[in-house]
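Protein chains: 2
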Amino acid sequence: MKNRKKAVVLLSGGLDSVTALVIAREADFDCYAISFDYGQRHRCELVAAARLAKQFGAVEHKVVGLDLRSIGGSALTDQNIDVPNHATAGIPVTYVPARNTIFLSIALGWAEVLGAQDLFIGVNAVDYSGYPDCRPEFIAAFERVAGLATRAGSEGSPLTIHTPLIDLSKADIIRRGTALGVDYALTISCYDPDEEGRACGTCDSCRLRAEGFAAAGLDDPTLYK
Amino acid sequence: MKNRKKAVVLLSGGLDSVTALVIAREADFDCYAISFDYGQRHRCELVAAARLAKQFGAVEHKVVGLDLRSIGGSALTDQNIDVPNHATAGIPVTYVPARNTIFLSIALGWAEVLGAQDLFIGVNAVDYSGYPDCRPEFIAAFERVAGLATRAGSEGSPLTIHTPLIDLSKADIIRRGTALGVDYALTISCYDPDEEGRACGTCDSCRLRAEGFAAAGLDDPTLYK
Numbered sequence: 012m013k014n015r016k017k018a019v020v021l022l023s024g025g026l027d028s029v030t031a032l033v034i035a036r037e038a039d040f041d042c043y044a045i046s047f048d049y050g051q052r053h054r055c056e057l058v059a060a061a062r063l064a065k066q067f068g069a070v071e072h073k074v075v076g077l078d079l080r081s082i083g084g085s086a087l088t089d090q091n092i093d094v095p096n097h098a099t100a101g102i103p104v105t106y107v108p109a110r111n112t113i114f115l116s117i118a119l120g121w122a123e124v125l126g127a128q129d130l131f132i133g134v135n136a137v138d139y140s141g142y143p144d145c146r147p148e149f150i151a152a153f154e155r156v157a158g159l160a161t162r163a164g165s166e167g168s169p170l171t172i173h174t175p176l177i178d179l180s181k182a183d184i185i186r187r188g189t190a191l192g193v194d195y196a197l198t199i200s201c202y203d204p205d206e207e208g209r210a211c212g213t214c215d216s217c218r219l220r221a222e223g224f225a226a227a228g229l230d231d232p233t234l235y236k
Numbered sequence: 012m013k014n015r016k017k018a019v020v021l022l023s024g025g026l027d028s029v030t031a032l033v034i035a036r037e038a039d040f041d042c043y044a045i046s047f048d049y050g051q052r053h054r055c056e057l058v059a060a061a062r063l064a065k066q067f068g069a070v071e072h073k074v075v076g077l078d079l080r081s082i083g084g085s086a087l088t089d090q091n092i093d094v095p096n097h098a099t100a101g102i103p104v105t106y107v108p109a110r111n112t113i114f115l116s117i118a119l120g121w122a123e124v125l126g127a128q129d130l131f132i133g134v135n136a137v138d139y140s141g142y143p144d145c146r147p148e149f150i151a152a153f154e155r156v157a158g159l160a161t162r163a164g165s166e167g168s169p170l171t172i173h174t175p176l177i178d179l180s181k182a183d184i185i186r187r188g189t190a191l192g193v194d195y196a197l198t199i200s201c202y203d204p205d206e207e208g209r210a211c212g213t214c215d216s217c218r219l220r221a222e223g224f225a226a227a228g229l230d231d232p233t234l235y236k
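Residue numbers (the working numbering), protein chains in the order written: chain A, 12 to 236; chain B, 12 to 236.
Excised from the complex, chain A in its bound form:
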């Protein structure tokens, strides 16, 4: 029996990240899912992440605690900043400063401990919220950091960062995941859900998601408030 390759997969509990997980599994990786309890308003996404990691055969699911509330600066980590219920210009207030850099860094640390040389992240440069840390040039720059930052990288085993969704529309992502058996009813994308995890239907993330199902010609299984 040959040794299967390990991949660390960033799993938020939302639509994109679970699609990245099933794509990694389909590519024959043993998947190690990582989520972050960072003080997010929509903490119920962690319950969804745990369920999804189990359902889609992750070897392990780790939730790392990290207090980004202490830094604030985002509607997602500061209860005093409201989540907008309409589209806004520029980088929106739901942007969490340096979030993907922080998450990738911690995932990089875990990859090094596991001996994994592959990392999957469900960033997307088409139907996204205008966050700077979802762009291909950001990912490429981080990959270079990863190669220099670690023991493995400096000993000639650099990390590859896979972004299988980066050029897909939301509809394409949904079609791809559906074909691979994802039940999107299990995912939570909303930035401002109620305590039962029901979606608001009006935040950026809800709007992009609903438009994605419509464009894919599929029923939207999201449970709304």
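Source of the hints: derived by calculation from the structure; they are not laboratory data.
Incorrect hints may appear among the rest.
Remember, identical chains collapse to one label, so a pair may be satisfied in a single copy or spanning two.
[To be verified] Calculated pairs, SDA-like style, for lysine to any residue (alpha carbon to alpha carbon, straight line, at most 25 angstroms):
#, residue 1, residue 2
1, K65, D41
2, K17, G84
3, K236, R162
4, K236, D178
5, K73, R54
6, K17, L125
7, K65, R52
8, K73, D48
9, K17, S81
10, K73, G83
Every value quoted in this text rests on a predicted model; they were computed, and no experiment measured them.
Start from chain A and add chain B according to the hints.
Chain B alone, transformed into the frame defined by chain A:
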């Protein structure tokens, strides 16, 4: 009165980082010190950091909680791995996977919230422990990530990462800090101190520190067990 520039300074409570802090202050920055409660064995360094931040006039000192024990892989975060009491070849077991990448990422997030365009880190490429994430090429790669990752960077205000100690020997660092008024008795460098913060005298960090005082021709004020 002109607006002073803000700098985020990574402050561990050790010898190097406080020297970086006084250098930043000397360069006329308003300093925002950041430390991490990451599950380190030598957690008493945080008490030292708080004291140093206050003594050297940091405008604010933030301690961010972050559970790196959940990832492990280092003698500093895993109680089952002993801190070596003699020099070892290659990258030592006290290396914490991706630690500087993680710390810089969180500091980057805070810098963005503060509107700071400068960050100081006391890494050193001469008398150090062979950690890959202390090299100038790593810092340069991270600076590029910082420019792409954030709102500020993507709007034309990138972050500068200052590494004032990178080319200094430990003795030079000690001489420089002493000239700027640092009392190194207040700092904790040891990886394996006792509960009162007294140093072991035998770990890598203690050895480099003791050799630095000797080479600088200064009394070593460290309190040993």
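Structure-based check of each hint:
1. K65 with D41: Within. Shortest intra-copy distance 13 angstroms satisfies the 25 angstroms Cα cut-off; inter-copy 48 angstroms does not.
2. K17 with G84: between (35 angstroms within a copy, 17 angstroms between copies)
3. K236 with R162: neither (48 angstroms within a copy, 32 angstroms between copies)
4. K236 with D178: neither (31 angstroms within a copy, 58 angstroms between copies)
5. K73 with R54: This pair counts as both: shortest intra-copy Cα distance 15 angstroms, inter-copy 23 angstroms.
6. K17 with L125: Answer is within: at 8 angstroms inside a copy they meet the 25 angstroms cutoff, but 38 angstroms across does not.
7. K65 with R52: within (23 angstroms within a copy, 32 angstroms between copies)
8. K73 with D48: Close inside one copy (10 angstroms) and across copies (19 angstroms); limit 25 angstroms.
9. K17 with S81: between (33 angstroms within a copy, 18 angstroms between copies)
10. K73 with G83: Answer is both; intra-copy 24 angstroms and inter-copy 12 angstroms each pass.
Consistency note: the structure conflicts with the earlier hints numbered 3 and 4.
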